[in-house]
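In our numbering, the protein residues as written are 10 to 1058.
Keep in mind that the hints were calculated from the coordinates and are not lab data. Please note: incorrect hints may appear among the correct ones.
To be verified - Keeping only pairs whose Cα atoms sit at most 20 angstroms apart, straight-line, the calculated PhoX-like set for lysine-lysine is:
1) 160 - 76
2) 564 - 609
3) 572 - 348
4) 928 - 990
5) 234 - 76
What the hints assert, rightly or not - Here are the in silico distance ranges between beta carbons for each label pair:
6) 783 - 706: 48 to 56 angstroms
7) 153 - 600: 33 to 41 angstroms
8) 968 - 704: 26 to 34 angstroms
9) 600 - 620: 34 to 42 angstroms
10) 278 - 208: 50 to 58 angstroms
11) 889 - 867: 48 to 56 angstroms
12) 775 - 806: 14 to 22 angstroms
13) 918 - 787: 30 to 38 angstroms
14) 1020 - 870: 48 to 56 angstroms
15) 706 - 787: 42 to 50 angstroms
16) 918 - 1020: 54 to 62 angstroms
All values derive from a computational prediction rather than experimental measurement. Beta carbons: idealized from backbone N, C-alpha and C, even for Gly.
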Amino acid sequence: MYYIKERISKIIFELKRRQYGKELIIEEYEVLEGNYLTEEDVPKEAVYQKVSKDYLFGGFENHYAFKFDIQVPEDFQGKTIGLYIAGAESGWDYAINPQFLLYVNDELRQGIDLNHRENILTYDAQAGTNYHVYLHCYSGRTRETTTLKLKLFALDKETRDLYFNLITPYFVANKLPKDDINHIEIIEILNETINLLDLREYYTDAYYNSIRLANTYIKEEFYEKKCKESNIIATCIGHTHIDVAWLWTVDQTKEKVLRSFSTVLSLMEQYPEYLFMSSQPVLYEFVKEKYPPLLDKIREKVKEGSWEPEGAMYVEADCNVTSGESLVRQILYGTKIFKEEFGATNEVLWLPDVFGYSAALPQILQKSNIKYFMTTKIAWNQYNKMPYDTFMWKGIDGSEVLTHFITTQNPGHNPKEHFTTYNGILHPETMINAWDRYQQKGINQDVLVAFGYGDGGGGATYEMLEMGRRLSKGIQGSPTVKMGKVKDYFKRLEARVKNNKKLPKWTGELYLEYHRGTYTSMARNKRDNRKSEIIYTDLEKILTFKEVVQEGYDKEALDKAWKTILLNQFHDILPGTSIKDVYDVTQKEYEQLVSNEGIKEALVQLSKNMYIEKEGVLAFNTTSFQRNTLVSINAETATLLLANEKIAEKNSIFYFEDEFGTRYTAQISADGEILLLDPSFPAMGYKLYRLVGCESIDSKEMVITNHLIETGRMKLNLNDKGQLVSIVDKVRNRELLKEGRVGNELRVFEDRPMNYDNWDIDIYYREKSWAVDNLIDIEVLEQGPIRGALKLSYTFLNSTIEQIIYVYNHTSRIDFKHFIDWDQSQLLLKTNFPADINSTQATYEIQYGNIKRNTTENNTWDVAQFEVVGHKWADLSETGFGISILNDSKYGYRIKDGEMELTLIKSGIEPNPVSDREKHYFVYSLFSHEGDYTQDVIKEAYDLNYKIHTIKVEANSQGKKVRNSFVTTDKENIIIEVMKKSEDQKDTIIRLYESQNKRTKVNLEFLLSYSEIIRTNLLEEDEYRLAEDTNKLFLTIKPFEIVTLRLKK
């Protein structure tokens, strides 16, 4: 018969409209403007305004308090009743639409949002019962106004049950081919069911008798006879992905969490089978801060087994720009909080929405007891579909972690497309799509589906849970739905695929072919992040050293600072993809973090408790390298030190001695700093310098002119535009640039991506570009025995670019320091060094190691990597010689066919219309060397980023004499990254890593002798003892291995 399916659809959706048997519109309520989370927070003197249902509220980022009382009418007696609450209806965007927290009789009930407008008050209404309602309202980020829609309803549960009994198999049939036997049987039974209905008059005895008859029929004939568990399973877990900041601020997220989590708890009361998982311990800290009773309820559900706190990281952090140690701290802090708050042990890294996955992660996970990894964002690849959804992911050191990609595709998506989502809808089509999209069907027949609206959407809805109940019965043609926890799913998956030779393996990074602009957007934020990461690991090292002479290690303050750093590494904050308000806040937070006051104070306390023979300068090196480096003494200290010296401006040379009598040469910089060259500064320790003399000489060791810069090592020729037409390494007799090309070419590209402006750089950006070559001024700043400097000033449209080229006699490194006032949008600034190097691969530093990437475009995988991420350095080498680009705050690189490009500024316009339109301060460097990157490249990158810390000190004959280094290594490829107090504050923790993919036997020597030296994992859990009663340790370290040691006094 024709159009039977259409007839069924018509009847089903008619039933949907009849779910409320009775309704009572609430005509009046009271309103008060202001952000009062609970009614108790409202000041006693505050006066509410009585208004009607036509009252308009809203506006940009406003808060309101609404309240009213409602009495149950006689005709609602004995029924299931609830409140319906709604504001504006505008798309999915939970930043724009009003959202509410609902309190009934002073009890927090749930959040109200676009997807959750119902709250059941009771299943057995008693006429005359009074309910007092309080609503906390956030208006959203729109200037529009709306009315508040309020009504009391009596739920017609029998009609709702029939609606879901019909609609769920209908959606299954709708997805199947018409000649599929399951499609045919479902349609036949649905048709027979609706034939039993009497819809002539709704809510009559005849209507209800027919509803009951139809419900009985479909349960018996379909759900009992036709349904059975499939061998294809969809393990479903409730979830609400909450961006800690994005189109809203962190402060608004604190409210979103209360709304979403209270909604989850409300639905759990109605649907006991509902299991829910939420990552990001910071969200639970927000709950604890804003409304502690809600956290108590969550603890109860965790104890019951309904709520799963899992995911490992403090926030779902960006994994491109975040440093290796920050990734460790993300897991260290995250797992610790979940353990302390809920007794939960995390084993899954849950990162559904980050923009790329470092090849360092498998080792970090394995050494943090994290056995499993889940994401889905990589399905957004532009060019290539990842070939696996379940596989072993192998990192740079050989560590492996079981990985599973969620393959959820919501209704309307084509399973042949790449795209999948972590905001799944528990719906038959979603389940069928998830299985169809899954690629490892031969080894696993159980797909993981995270369902629920995110970002303030409140997670699962009653509609999803109703459909889930029916899909759990085993409707043929669809995977059988089973509620299950994430960790349990992975344990079953591990058992199923273990030792299966068909289990695939992916080695190296999981590069996301999308969102490449996130390596560069909001450059200030990325600079501040790197400075913060360095400053706080430096501070930990100095405080640990200080404890040798004086106790005092403020772990509480350090924890607070680290949590701010980790919070701001969230995957829409650090990548530069949030609204401007977010970065106004982070700017203030970073200003405090990077002030260096903590380091200065720690050095002052160190100096007060150590022996110092004479007044001078205390300098501290926080790297594990013995450094040939410049010690910069700030202008204020320089003025005090040189107060009694006769200085002949630029021609003055100064002499310092250290505590052992070794003499050093120094010069004054253009900005008044003393630059002291020390060729052997001790590792992880200090030196003391005192001024012993000054003379005026005319240095001949460098030539600095408008067209020629020459040192004992390097020779640079400049054209009339200030561009480098030749860069010669004199030591190696090698021209660095391709013939006829210019180096350090600043070029601006038109950057108008197809979709996500601050996220994306699209491949066509190279179609149009302009050179920055309007040189307006050039000036020689320094020409000393240690450093030379040439300043060049450019304009580009409304922007000004000031560049200082620094050269040195002690290194071939050339630094390019920039002060840019950028006033452009959708223009991408890059620098390029066209290197005369023959190599098909470039090497890039990543977290705790490095990786190689092709410089060719032989296939679509190579083509897709037209912009890639790297940290402090990237290197291009041929046999015997190489060139590196180093930097102090940049992450976006392009190295193709010898063209070595570093991306400097992006300046997108969405969602922040003024991104990067501000002042920029950064340094990048060019470094030529023998061999490959193993020849001093890493050391130079650390030298650029990790400054020697200095303070002026007075003589102190009463202090303790202390050896200069806390710990040393005899192998430079072994880098000590961390020296801190243990989390239990009893011992010292040392973390080191192998940096050159080289199996290494290394000797460590410590300042102190320790009763035990114990190897631990990254969570500082002891593994085994290495040595006893010694200050020395011999270790064999594997390529790229991270090693953590506990030193017990």
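Here is what the structure says about each hint:
| no. | hint | verdict |
| --- | --- | --- |
| 1 | 160 - 76 | holds (13 angstroms) |
| 2 | 564 - 609 | holds (17 angstroms) |
| 3 | 572 - 348 | holds (17 angstroms) |
| 4 | 928 - 990 | violated (37 angstroms) |
| 5 | 234 - 76 | violated (50 angstroms) |
| 6 | 783 - 706: 48 to 56 angstroms | violated (37 angstroms) |
| 7 | 153 - 600: 33 to 41 angstroms | holds (35 angstroms) |
| 8 | 968 - 704: 26 to 34 angstroms | holds (32 angstroms) |
| 9 | 600 - 620: 34 to 42 angstroms | holds (36 angstroms) |
| 10 | 278 - 208: 50 to 58 angstroms | violated (32 angstroms) |
| 11 | 889 - 867: 48 to 56 angstroms | violated (25 angstroms) |
| 12 | 775 - 806: 14 to 22 angstroms | holds (19 angstroms) |
| 13 | 918 - 787: 30 to 38 angstroms | holds (33 angstroms) |
| 14 | 1020 - 870: 48 to 56 angstroms | holds (52 angstroms) |
| 15 | 706 - 787: 42 to 50 angstroms | violated (25 angstroms) |
| 16 | 918 - 1020: 54 to 62 angstroms | holds (60 angstroms) |
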